[in-house]
Amino acid sequence: MLRSVMDSILILAALLNLAMLATSRMAACIRTFAVQSLLLALLPVAVGFSHDAAPGVHVFAIAAGTMGLKVLLIPWILLRVLRSGEIHREVEPFIGFTASVLLGALIIVASFAFADGMPLPSRAPTDLLVPVAVATLFNGLLILVSRAKAITQVLGYLVVENGVFVFGLLLLDQTPALVELGILLDLFVGVFIMGIVVYHIRREFDHMDTHLLDALRES
Amino acid sequence: MTAVRAILFVPELALVLAMPPMLMSVIAKTKAWFGGRVGPPWLQPYYDLHKLIQKHAVYSKTTTWVFRAGPIVSLAALLTAATLIPVLSNESLMGFSGDVILLAYLLALGRMFTVLAAMDTGSSFEGMGASREVTFGAMSEPALFLAFVVMAVATKSLQLSEMIGPGLLLEWRIAGPAMILVAGALFVVLLTETCRVPVDDPATHLELTMIHEVMVLDHSGPEFAFITYGIALKFTLLGSILIHAAIPHSQEIGLFGSTLRIAELGVLAVLVGVVESATARLRLNRIPMFLAGATVLSAIAVVLVLMRRTG
Chain A
1 MLRSVMDSIL ILAALLNLAM LATSRMAACI RTFAVQSLLL ALLPVAVGFS HDAAPGVHVF
61 AIAAGTMGLK VLLIPWILLR VLRSGEIHRE VEPFIGFTAS VLLGALIIVA SFAFADGMPL
121 PSRAPTDLLV PVAVATLFNG LLILVSRAKA ITQVLGYLVV ENGVFVFGLL LLDQTPALVE
181 LGILLDLFVG VFIMGIVVYH IRREFDHMDT HLLDALRES
Chain B
1 MTAVRAILFV PELALVLAMP PMLMSVIAKT KAWFGGRVGP PWLQPYYDLH KLIQKHAVYS
61 KTTTWVFRAG PIVSLAALLT AATLIPVLSN ESLMGFSGDV ILLAYLLALG RMFTVLAAMD
121 TGSSFEGMGA SREVTFGAMS EPALFLAFVV MAVATKSLQL SEMIGPGLLL EWRIAGPAMI
181 LVAGALFVVL LTETCRVPVD DPATHLELTM IHEVMVLDHS GPEFAFITYG IALKFTLLGS
241 ILIHAAIPHS QEIGLFGSTL RIAELGVLAV LVGVVESATA RLRLNRIPMF LAGATVLSAI
301 AVVLVLMRRT G
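Each protein sequence line maps, in turn, to chains A and B.
Going by my numbering, the first sequence opens with residue 1, and the numbers climb by one from there.
Going by my numbering, the second sequence opens with residue 1, and the numbers climb by one from there.
It should be emphasised that the hints constitute simulated quantities derived from the structure, not laboratory data.
Fair warning: there could be bad hints in the mix.
[As the list claims (entries may be wrong)] Here are the computed distance ranges between Cβ atoms for each label pair:
hint, chain 1, residue 1, chain 2, residue 2, range
1, B, Leu206, A, Ala148, 33 to 43 Å
2, B, Leu271, A, Leu141, 50 to 60 Å
3, B, Gly39, A, Phe60, 47 to 57 Å
4, B, Ser60, A, Leu79, 54 to 64 Å
[Stated by the list, open to error] With the Cβ distance kept under 7 Å, some of the chain B side facing chain A (calculated, not the full set):
hint, residue
5, Gly176
6, Pro177
7, Pro288
8, Ala292
Here the structure is a predicted model, which means the values were calculated and not measured.
Backbone N, C-alpha and C define an ideal beta-carbon position, used for all residues, glycine too.
In isolation and in its complexed conformation, chain A is listed as follows (with noise of 0.2 Å):
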């Protein structure tokens, strides 16, 4: 029961992935994280529970701080960003959306494959568990280097630790909260930064496009 739970979350968290590669409006990209977000915040619980029947304080401690921070701190900041940057709300890919969709499942057809031949440190509590976490992190760096705009970088780069989070879950019990929480501050400075520089970019340039970063120069 609690595996078919994880099972069905970890499997909508991955069709997220391949809706954020599709979607082609910003603001449902952010909302889209969140969702993505939120379901994964529920997961160290039921990992929690598949356990032991009383798991301890961190586990939801964990959860509480994801909730907190990536479904509502985190995409509450970007679309701070996108509405006072006032920037054109259209992602911009590099590849086609239909592409990049196509790109996104053959990545989790192929983290399947990948994760079977994987040394674990301990069992995991669901087979879906490992091909997933490797999935999320490469479709978020698939969002990170196929999107023109700095914000969508933010978020590719969200979605990564997404995937790592995910990835964590294999050492719940090893892993003190205060580490998991460390990461998440670590995060949020982090996307707080960034919003900061995406708001900066655009004063400069008066747009966010970052690959007429690198043809910098003085004069």
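Using the hints, position chain B against chain A.
Just chain B now, kept in the frame of chain A:
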């Protein structure tokens, strides 16, 4: 034995063949309810068919026998498909190992003749509709086939009536998420193949935005009745595949199961009506993505099911 079975199937088959226009009526009523209207009478599709049968067909001078064969071959292909698909019970009239392939290509044959008939008229609008129909048809086919692969692996059978039979009950228990993906993909295939929103809008009156409707503009009289009935029959058949895959009934459920199936088809029609009322049709260049999405859903389901088998 087979003769006895064939006779036993007569009432069921009669019901299956009589039902499709009613389902169209259910969709129309749902849409009318969303729009705050009363909608056409429940039996309107039957009146329409009756009216069309009594008229006689008008043929353009530029058309050849292909144009006349189009609707007839399409309907014949669908009627043959109806013998392979279990609709109200868990069994179909005919069936043999590998009949899923025949089924897929019967659907393709029907589509090919509709398209050829459309091209035969020489109208540029119809050529455009034909081109779109073929494009989207080709894109929804992988989704359908991959969904079949999932069910074939799950039930270890290549006969459609067994693939979507009680054997799936076990699969729902051990690989529920994969089956949900399959059901989603089949729903998209259903919407595409039967030309419903968000891929095509059956109620549109602008030739430029039509897909299916524009291809059949030149047909009239009984042949148009065949086309209208054919599309309703296609909805019933593909809808049955979806329902049987999504809600497998166990073997001993019997007559009650048939009543349940009719109710489920009705619910499916209401669902399609709700989708049509609540969503706008997609922009033409977004449709490939919608269909690629369905293919991806089935592909992931295949991976999940295979993983359960090997792992």
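Hint check results:
| no. | hint | verdict |
| --- | --- | --- |
| 1 | B:Leu206 <-> A:Ala148: 33 to 43 Å | holds (35 Å) |
| 2 | B:Leu271 <-> A:Leu141: 50 to 60 Å | violated (37 Å) |
| 3 | B:Gly39 <-> A:Phe60: 47 to 57 Å | holds (52 Å) |
| 4 | B:Ser60 <-> A:Leu79: 54 to 64 Å | holds (57 Å) |
| 5 | Gly176 | holds (6 Å) |
| 6 | Pro177 | holds (5 Å) |
| 7 | Pro288 | holds (5 Å) |
| 8 | Ala292 | holds (5 Å) |
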